[in-house]
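Engineer: Those protein sequence lines, which keep their order, are chains A and B.
Letter 356 of the first sequence, counting from 1, is numbered 356 in this note's numbering, and no numbers are missing.
Letter 87 of the second sequence, counting from 1, is numbered 479 in this note's numbering, and no numbers are missing.
What the hints contain is simulated information worked out from the structure, not anything from laboratory work.
Backbone N, C-alpha and C define an ideal beta-carbon position, used for all residues, glycine too.
There's no promise every hint is true.
To be verified - Below, a sample of chain A positions facing chain B; criterion: calculated Cβ distance under 7 Å:
#1 E130
#2 P134
#3 V166
#4 V379
#5 K390
Said to hold, decoys possible - Simulated coverage check for chain A against chain B, where a stretch passes if three residues somewhere in it have a Cβ under 8 Å from a Cβ of chain B:
#6 60-70
#7 253-264
#8 274-285
#9 381-387
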Amino acid sequence: MTKYSMHDIDRRRFLGAGVAAGSALLAGSLGSRVLAQDGATVTIADIGVGDPGGDWSRFTEATGNQVKLVAIGNSPSAVVNQLLAGGGRKAFDLVNIVGGMQRPLAEADLIQEIDTSRLKNWEKDTYIAEYLAPGTKGFNFIGYEGKTYGVPTILQADSFAYMPDVTGELDSYGAYFDPKFRGYVALEDNYTTAGQKTALYMKKSGLAEISDPADMTPKELATVIDFLIEKKKEGQFRVIWSSFEQAVKLLVNKEVHVLDCWEPMVIAANQQGANVKYASPKEGFLLWAMAAYLVNNPDRSEAQTDAAYELLDFMLGPWYGATITQMRGYITNPQAAPFARQSDLFTADEADHIEEVDNRVKEKFSYGGTWQNRWPTEVDLYEEEWQRFKAA
Amino acid sequence: MAEVQGGMKPSLPTSGNGGILGSLFPVLPRTVLLIVPVLFVAVLIIGPLSIMAAVSFWTKTGFTMKPDFSLEAYRTFLGGVRLSIFFRSLVVATFATLIMIVIAYPVAFLIARRVRADLVRSVLFLFSVPFLVNYILRTFAWTDILGRSGWVNEVLLWLGVVDAPLDWLLYSQFAVYLGLVTAYMPFMIFPIWLSLAGIDRRYEEASWMLGEGPLRSFWHITLPLSLPGVFAAAIFGFVGAFGEFAVSTVLGGTGYQLLGNSITSALDVINYPLAAAMSTFTVGVMAVLLTLWFRAFDLRIFLAKILD
């Protein structure tokens, strides 16, 4: 049932820059937004997972507005290139990417604060109050300095994949560093995922004193990187992967037995015949959320802004949430699962699946872990240290 | 000597003052015709390079940067791990180029001398067939061939040559070199073939008639006269391998870093000054290397030496 498109493949950071640039060019050349006969056309730049299979008809029926979805890369450079240098501020109304980017985007005046009172589904989304409320770590995925900049469209908790037939049951990130799996472990090429999970493991297992794995001091960071380098030199890691397809192939080909990855990769690998499980580590999960940002375009008309808000509200709604959960395996909002059950738009199996995903991810969130930090305080040092690890 | 130089050129149509352009634009002075490509170079190459060099001295301020004359980006580059990545790229590109020449030259020689004239185009076309497939996909395809459960290991295991899959076939130095060679070597065959095909065979025949054997004739006549093509091919291979980032990412394993990867990584945290500093430094080094290369392999000097 769950089908992964190329958009999924490029979920976070490997959406081809060329595709994004081409889309931006196309968007720019065709005009930033074309007023349709019955309303406005809202342009949303998305990393792929926010696309409900191209079907925005329910939004159009409800509001009279159209949606134009264009691809955008998820890396900070891809986003800033589009918004700052690529004319994206004029081309896009919304940008739907993995959240946590408010600080750099707001400081550069590229996004606007969200007026949540204009979103009737905001209050209905109890996940926001539960996981992303101001004052909590989760708020860092949608807010900055007390203001809300992102509308949470997806929630997820990451860990790692393993092959139970070979490794037995695993419940700790310690598997990454277990000599039993030497040469059969792969990490993601990302200091905010692999690096942060390693920090979480080192903290929880007492290997290092780390105050906050999500935002390490230079000394803490150096300790984590030194540890990773030591393991790398011992031959612990087979590869550092950097794309969805690459990670799935590592599992399907049994190139590795323990893989630091995202859950959709496990689903994709199992669909291709592999027996792979997604771990529930005792140290906790890497929590994250997608955020739809309202692009700061001073030339945008009030009517266009209204249409953008209507789309944001639609994305907090039941049909969109259920569809995305069904397609991607991420949870969206609390209305999704009951809607799928009650509506004749989803089969019983689909409703079961949506409910199962919803419960599973909520369980992970209740267990906790560390919120991914896309833009740590020492972000340049993180990048430099990750280079040190990779070059070692 | 003048005859030799003339003889080494491929017999392709040329256009001088009295050529096609001259007849089409009899009234346009040569300088006007030249100004268009010069402007193109200035606008499309010198301009962006100048901007890049200027940005390398700017200061990063959060998500943006401000004009400045700071050496901070160069300090970060030259004082950190990135310098070792630069040298690694230099070494890898050099060795990969040498390997590619060693393979491409015999292939080009066979095409130029052993393949029937009416089949040459078809054979050359075969070497361009891989380019019909996306470069990234071609690189990824190696993981299916060289992996632990890949075709090579499957065959070796089936034949009983090995007891366990060979790990070093993939995610290794070997895999990176293989990826580089297969990616850029075909580009090198064409200029070498062109150079070999343009050699006036009478020089080799004269050498033979004067008593030299095939090997010495090749060494003293064919090889020197084909060097312009080798030189051009080496540039294609070296520049491609030096700026490579996909091969090292896909086939390199545990973070095999080449300079292209390091620059991309800096861009991921919006560190444009650092990326610009690395690129500017690299362009400078490449310019120096190419200048030395041109001087060391000046054809006239080279031919004068061997003809003395």
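Engineer: Taking the least C-beta to C-beta distance, is V379/A closer than 7 Å to chain B?
Structural biologist: 5 Å, holds
Engineer: Between the region 253-264 of chain A and chain B, are there enough contacts, at least three residues with CB-CB distance under 8 Å, for the coverage claim to hold?
Structural biologist: Holds, because 3 residues of the region 253-264 of chain A bring their Cβ atoms closer than 8 Å to Cβ atoms of chain B.
Engineer: Return the status of the interface hint for E130/A: holds when the least beta-carbon distance to chain B is below 7 Å, violated otherwise.
Structural biologist: With a minimum Cβ separation of about 30 Å from chain B (threshold 7 Å), the hint on E130/A is violated.
Engineer: Take the region 274-285 of chain A, compare each residue's beta carbon with every beta carbon of chain B, and decide whether three or more fall closer than 8 Å.
Structural biologist: It is violated: at least three residues are needed, and the region 274-285 of chain A offers just 0 whose Cβ sits closer than 8 Å to chain B.
Engineer: Have a go at the V166/A hint: is there a Cβ in chain B nearer than 7 Å to its own Cβ?
Structural biologist: Cβ of V166/A sits 12 Å from chain B, so the hint is violated.
Engineer: Identify whether the interface hint at K390/A stands, where standing means a beta carbon of chain B within less than 7 Å of its own.
Structural biologist: 3 Å, holds
Engineer: Three residues or more, CB to CB closer than 8 Å: is that satisfied between the region 60-70 of chain A and chain B?
Structural biologist: violated (count 0)
Engineer: Between the region 381-387 of chain A and chain B, see if three or more residues pass the 8 Å beta-carbon test, and mark the coverage as holds or violated.
Structural biologist: holds (count 5)
Engineer: Have a go at the P134/A hint: is there a Cβ in chain B nearer than 7 Å to its own Cβ?
Structural biologist: At 23 Å from the nearest chain B Cβ, P134/A fails the 7 Å test, so the hint is violated.
The structure shown violates the earlier hints numbered 1, 2, 3, 6 and 8.
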